[in-house]
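Asks: Keeping their order, the protein sequence lines are chains A and B.
Residue numbering for the first sequence is 5 to 331, as defined by my numbering.
Residue numbering for the second sequence is 540 to 875, as defined by my numbering.
Worth flagging that the hints you see were computed from the coordinates, not collected in a lab.
Please note: incorrect hints may appear among the correct ones.
As a list, the in silico BS3-like pairs of lysine-lysine whose alpha-carbon atoms are at most 30 Å apart [said to hold, decoys possible]:
#1 LYS791(B) / LYS804(B)
#2 LYS196(A) / LYS255(A)
#3 LYS551(B) / LYS102(A)
#4 LYS102(A) / LYS804(B)
#5 LYS44(A) / LYS182(A)
#6 LYS565(B) / LYS551(B)
#7 LYS102(A) / LYS598(B)
#8 LYS744(B) / LYS804(B)
#9 LYS831(B) / LYS565(B)
Reference listing, derived: stretches of chain A covered by chain B, where coverage requires no fewer than 3 residues with Cβ under 8 Å from a Cβ of chain B [claimed, not checked]:
#10 65 to 71
#11 106 to 115
#12 267 to 273
#13 317 to 329
Predicted, not measured: the structure shown is a model, and the values here were computed from it.
Every residue gets a Cβ at the ideal spot worked out from N, C-alpha and C, and that includes glycine.
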Amino acid sequence: MRQLRFLQAMNEAYRQVMAEDESVMILGEDIRGGIRGETKGLHAAFGDDRVLDTPISEAAFTGFATGAALAGLRPIVQFQVPSLIYVAFDQLVNQAAKMRLMLGGQADLPVTYTIMVSGTRGGNAGQHSDNPYPYLVHAGFKVVCPSTAYDAKGLMIQAIREQDPVVFIASAMSLPHKGEVPEEIYTVPLGKGQVRRAGTDVTVVAVGHLVPEALAVAESLSEKRGISVEVWDPRTLLPFDRDGLLESVRKTGRVVIYDDTNRSCGYASEISAILGEHAFSSLIAPIKRITRADIPLPYNPDLEAAVLPSPMQLEQAICSVWSYSKS
Amino acid sequence: MSNILPPQMARKMYADMFRIRQFDIKVVELVDDDLIPGSCHEYCGQEAVAVGVCSALTKKDILTSTHRGHGHTLAKGGDVGKMFAELFGKSAGYNKGRGGSMHIADFSLGIFGANGIVGAGAPIACGAAHKFKAAGEPHVAVSFFGDGAINQGVVHEAMNLAAIWRLPVIFVCENNLYAMTTPLRDVTILELYERAQSYGMASTKVDGMDVGAVFDTTFSAVERARAGGGPSFIQCDTYRYFGHYSGERHMKTTYRTQQEIDEWKKRDPLDFWAERLIQGSICSAQDIERMKREVDEQIAEGVEYASQCPAPSPQDALEHMYAVNYPYTPAQGAEQ
């Protein structure tokens, strides 16, 4: 099958949905000149009213999308870097996320927020390296975090078609990923995780760009130590595929969560709590979390590496839960 | 008296203002009686602004309102009974008891909702206006906000968006001189409308106690917007008779004097308009009394309706968060 990069898959999703549904529009900073490529060609194809370059006014363009959606459009709002969402937090958290419930369901809010280059690309320091999805899940946004080009296209199309606000996390380290992507329109359903590698000894729950790292560690441990590691990718963080997670963990009884958000109240905390509540009797070893440290990312590459979750930490954690005995 | 106002509309404006006045006087009573949970922000004194603006709109035009929003909703045609039901937290309320005073909305009337965050409705109005413009529909979006909102960044960002994209938006700034207890003069330099001028839009100041003047000014702005002439800004100078919110009169506040309040009451928008109607032979004093009686009956019926309709079931507390729920989403507070 044809191979596309993650960014090309996003671009194809945008193009195909915009061609199919004329209520879909996209707005944000530098959309028309989009240097990374995910918005390439959209302006030429769909024109001024549907492809808008905004001023640097994150709060206003986020609220603008809310109003456009309430009036019947289906906007995609693109944030250049994840931490820009904080500038728009009132419009996201107080307005868009709460609106449907506060209105008693009078109106739907079909907005997709694309958060580009989420996480670190190396050397971007404190304000350009966040993975803000725990905040957004907490606020009640549906959040997808694809790890492959295939999922990027399928989840994007589904996100745009949802009647509720959905956040699409485009992890910086996933953008170069290349994989098989069908040419036709297809969707990946929200709330369905996927076993990326089957195993019987330990489940690794890996989020977003950490999925390929987890797969590499799993392969290596299989060869070196004969440990059979299952790698499970939630793909959607809200709604979360609890049944899929429990199926894997009930089989293996051992779990390591590999997630690049803060240790305290990060996404791994929630997964860990779900397992504590629903898989207690299946667990053979304590749950382990490999996460980011609770500080803003430092600039220096060695300091940065010291606070990010690493394959080496993952490997140690897998070995530790594998060899854990209750004695 | 406005030159462009049909007599029938001039009479209706009085009834609309009186309905807002009586509605919010009743609200104060009901808050005191603990029949309305939380607190409300009464609109009394500012009626000419909501009615003057909304009388220049059609049902298809939309508005975004403020925390002090009862007047806007009523002026746009909101149903008294459904509003009281919402304030009582009932299922038959506009928002099914999920929103209350600060979020009342009626999408069938183009009311995109009151808002508890100062200035937050301005960009939302711009988004709706973009839809109208892109679809070639002749409708406009009105964003109401107070003098306090003029110092919110998002309002300025929204005015800029409306200006650069020539959106059919009318920014209506209700200047009641106080942001809660903070006087406008302490936090703002220049007249409010002068700020909007810097975005290159038509911007003007009007007597917000004169419903005819507000109507005329809005009418021109709406005509300009419908013709593709872009956004406008209208500063309406007005005054609120009650405190910032319903609880304030139980406190000993000193941020404004009784003398100041009394001075403004001499320019009451209802008395002013009744006098104009009678002087212009548009209606008689008896007609006005009859309109008042009808409104009072509506208010009484609305309260009666709201008190009798059922409360929502706590079992349904998670409804309306999403269009369709996924398994375990939204999650319950206790284990599912």
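Asks: Now tell me if each hint is right for this structure.
Replies: Against the structure, the hints come out as follows:
The straight-line distance between the Cα atoms of LYS791(B) and LYS804(B) is roughly 20 Å, inside the 30 Å bound, and the hint therefore holds. This hinted pair checks out: LYS196(A) and LYS255(A) have alpha carbons roughly 18 Å apart, not beyond 30 Å. Between the alpha carbons of LYS551(B) and LYS102(A) the distance comes to roughly 35 Å, so the proposed pair goes past 30 Å and is violated. The hinted pair formed by LYS102(A) and LYS804(B) fails the criterion: a straight-line CA distance of about 38 Å is larger than 30 Å.
For the hint linking LYS44(A) to LYS182(A), the alpha-carbon distance of about 18 Å falls within 30 Å, and the restraint holds. Between LYS565(B) and LYS551(B) the CA atoms are separated by roughly 21 Å; this keeps the pair inside 30 Å, and the hint holds. Our distance criterion of 30 Å between C-alpha atoms is met by LYS102(A) and LYS598(B), whose separation comes to about 25 Å. Annotation: proposed proximity of LYS744(B) to LYS804(B) holds, straight-line Cα distance about 20 Å (limit 30 Å).
Distance restraint check for LYS831(B) and LYS565(B): the Cα-Cα separation of roughly 14 Å lies within the 30 Å cut-off, and the hinted pair is therefore satisfied. Coverage of the region 65 to 71 of chain A by chain B holds [criterion: at least 3 residues with CB-CB distance below 8 Å; count 7]. Judged by the Cβ-Cβ criterion of 8 Å, the region 106 to 115 of chain A is covered by chain B as claimed, because 7 of its residues qualify and three suffice. With 0 residues carrying a beta carbon less than 8 Å from a beta carbon of chain B, the region 267 to 273 of chain A misses the three-residue requirement, and the given coverage is violated.
Check result for the region 317 to 329 of chain A against chain B: violated, 0 residues qualifying (beta carbon to beta carbon below 8 Å, three or more required).
In this structure, the earlier hints numbered 3, 4, 12 and 13 are contradicted, and the remaining ones agree with it.
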